[in-house]
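Visitor: Letter by letter, the chains look like this.
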Amino acid sequence: MTFSPSHRVDLKRMASKASLKQKFLKKWMEDLRTYGSSNPFTTVSERKRIIKLSADIAMASIQEGATKWSRALIENASQGMDTFKKSAMSDDRGARLPSAASVAKMIASKKISKSRRRRTRICKPPRPKRLQARSIAKRLVKKRTQVLKNLVPGGESMDDASLIKETLDYIMSLQVQVDVMRSLACMSEHLHRK
Amino acid sequence: MSSRRARQSSSSSGSSRISDDQIIELVSKLRQFLPEIRDNRRSNKASASKVLQETCNYIRNLHREVDDLSERLSQLLSTIDADSPEAAIIRSLI
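As they're listed, the protein sequences go chains A and B.
Letter by letter, the first sequence follows residues 1 to 194 in the working numbering.
Letter by letter, the second sequence follows residues 1 to 94 in the working numbering.
Just so you know, these hints were derived from the structure itself, not from any lab.
Accuracy of the hints is not assured; some may be wrong.
Unchecked claim - Here are some, though not all, of the chain B residues that point toward chain A, as calculated from beta-carbon distances under 8 Å:
(1) Leu26
(2) Lys29
(3) Ser49
(4) Gln53
(5) Thr55
(6) Ile59
(7) Arg60
(8) Leu62
(9) Glu65
(10) Ser70
(11) Pro85
(12) Glu86
(13) Ile89
(14) Leu93
Claimed, not checked - Derived DMTMM-like pairs (lysine to aspartate or glutamate); straight-line CA-CA distance at most 20 Å:
(15) B:Lys29 / A:Asp159
(16) A:Lys21 / B:Asp67
(17) A:Lys21 / A:Asp31
(18) A:Lys27 / B:Glu86
(19) B:Lys29 / A:Asp160
(20) A:Lys165 / B:Glu25
(21) A:Lys48 / B:Glu71
(22) A:Lys138 / B:Glu54
(23) B:Lys50 / A:Asp160
(24) A:Lys48 / B:Glu65
Said to hold, decoys possible - Stretch-level coverage of chain A by chain B, calculated; a stretch enters the list once three of its residues show a Cβ under 8 Å from a Cβ in chain B:
(25) 144-152
(26) 167-177
(27) 182-191
This structure is a prediction, so every number in the text was calculated from the model and none was measured.
Virtual Cβ for every residue (Gly too), placed ideally from N, Cα, C.
Next up, chain B with everything else stripped away, as it sits in the complex (with noise of 0.2 Å):
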């Protein structure tokens, strides 16, 4: 029987590499995700390191995006008033 390294490095607990295996299940939960990344055919380790990538970038789009949200949000709600009418649409959809 052939001992993959990818089984070995996910048996010992703590291990810095990334199985095989992983990878795939990464990619196709990602994909939900992040639509260009396609199927592929070559090398795992090439594709795990471009689906680690996209990923890092769109974390880091999702964080400046709540950032932009928090600055526009902080010019739009000066107070979360009880008659304000943001208070009351809010109020209905909670």
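With the rest of the complex left out, here is chain A (with noise of 0.2 Å):
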């Protein structure tokens, strides 16, 4: 039996996503590990905040650096952890809330996007319905390529060739992460349910 290139194509892509989902699983397992053995989260807010930050740096990390949005999510969630360690750290719990929110925002505002320019209209002579079309499309496009900037990180510095294939490669990460999230999630309820 032969296998069509394409099918070829799946298999490889296929066991290449399988080793992400291990190399993922033990990064994010490890640095849970060490961040739990030296900080209480008590909390299940501050919990699901540490597990977030570091399945981020996770899914970021086993990169190796070599794709632009994994170095501005490790930036970015890394600041997100050394304050989110200061306020955990501090005796004051009511210091804690007002804290959380800001390490939220931090990780956020790099992805809010940026306030629009308004485009000033210029009189134009009334164009064929087809060169209008074209013209819509256009903007639509520019306006949608600024959203896809604000959503992959690292986006807002790139160029339109390099968004694509960041893009691409930061959907397959995000994949990865929400695999691994789910069968962990789903045999742990499988367990308490026991």
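Each chain sits in its own coordinate frame; assemble them with the hints.
Guide: Written as structure tokens, this is what we have:
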């Protein structure tokens, strides 16, 4: 039985994804153990934050600096982690809540879309519908490209060609992250049910 | 030789337009993630904006899933205890 070329590519892709999943799980669990031993994260919301931050750092670390999004994500998530640790070590529990919000804000601030510049409308002579549709489509592409730049870590400073490559890699890494986290959650739920 | 606008925009660094070739590359690669994107014979720019929109939606969905899963896991993993059954299973997987 011969495999078609596309089938071979799929198998290769599946194999590389499987190895990524294993690398991700290993790094994530190692980091969680490290954070857990030095900091007692007792509230559920604290644990959620540390789980999410460490998962992002692990997902980005296994890239070994090869992609721009991973370098940007490590920078963002590490900042969040430092602020988080500082607040966790403080004695005043009441102070944790505002800093938790600022951590989330710090991570989210990189992703909030920049203020849109108002396009100054210049009166143009009426164009045939075909050309009008093309310029509308062009504007839509530009607008949506900007949205994508805000979603991909470090995207704001990418040119369009890199943006596409980085996006594809980022999406695949996100899928790996989601798959592993979901498997872990299902397994834990199953164990706890017994 | 006709000079395509697409070629010109891709040759200038930092250009703000995505070339048609890049769109075709993106669509073919995204098809593995987004099966609902079909071959659009109409304007390349129209399918480009659709692809970008689907991509952004997909990334947002993935972000939300990670957030939901972190929520679930925070309730399940009270400690990554060395003795917990989860730890044993994880160790065997790594």
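Visitor: Does each hint fit the structure? Answer for all of them.
Guide: Going through the hints against the structure:
| no. | hint | result |
| --- | --- | --- |
| 1 | Leu26 | holds (5 Å) |
| 2 | Lys29 | holds (5 Å) |
| 3 | Ser49 | holds (4 Å) |
| 4 | Gln53 | holds (6 Å) |
| 5 | Thr55 | holds (6 Å) |
| 6 | Ile59 | holds (5 Å) |
| 7 | Arg60 | holds (7 Å) |
| 8 | Leu62 | holds (4 Å) |
| 9 | Glu65 | holds (5 Å) |
| 10 | Ser70 | holds (4 Å) |
| 11 | Pro85 | holds (5 Å) |
| 12 | Glu86 | holds (6 Å) |
| 13 | Ile89 | holds (6 Å) |
| 14 | Leu93 | holds (6 Å) |
| 15 | B:Lys29 / A:Asp159 | holds (19 Å) |
| 16 | A:Lys21 / B:Asp67 | holds (18 Å) |
| 17 | A:Lys21 / A:Asp31 | holds (15 Å) |
| 18 | A:Lys27 / B:Glu86 | holds (16 Å) |
| 19 | B:Lys29 / A:Asp160 | holds (16 Å) |
| 20 | A:Lys165 / B:Glu25 | holds (10 Å) |
| 21 | A:Lys48 / B:Glu71 | holds (5 Å) |
| 22 | A:Lys138 / B:Glu54 | holds (17 Å) |
| 23 | B:Lys50 / A:Asp160 | holds (16 Å) |
| 24 | A:Lys48 / B:Glu65 | holds (13 Å) |
| 25 | 144-152 | holds (count 6) |
| 26 | 167-177 | holds (count 7) |
| 27 | 182-191 | holds (count 7) |
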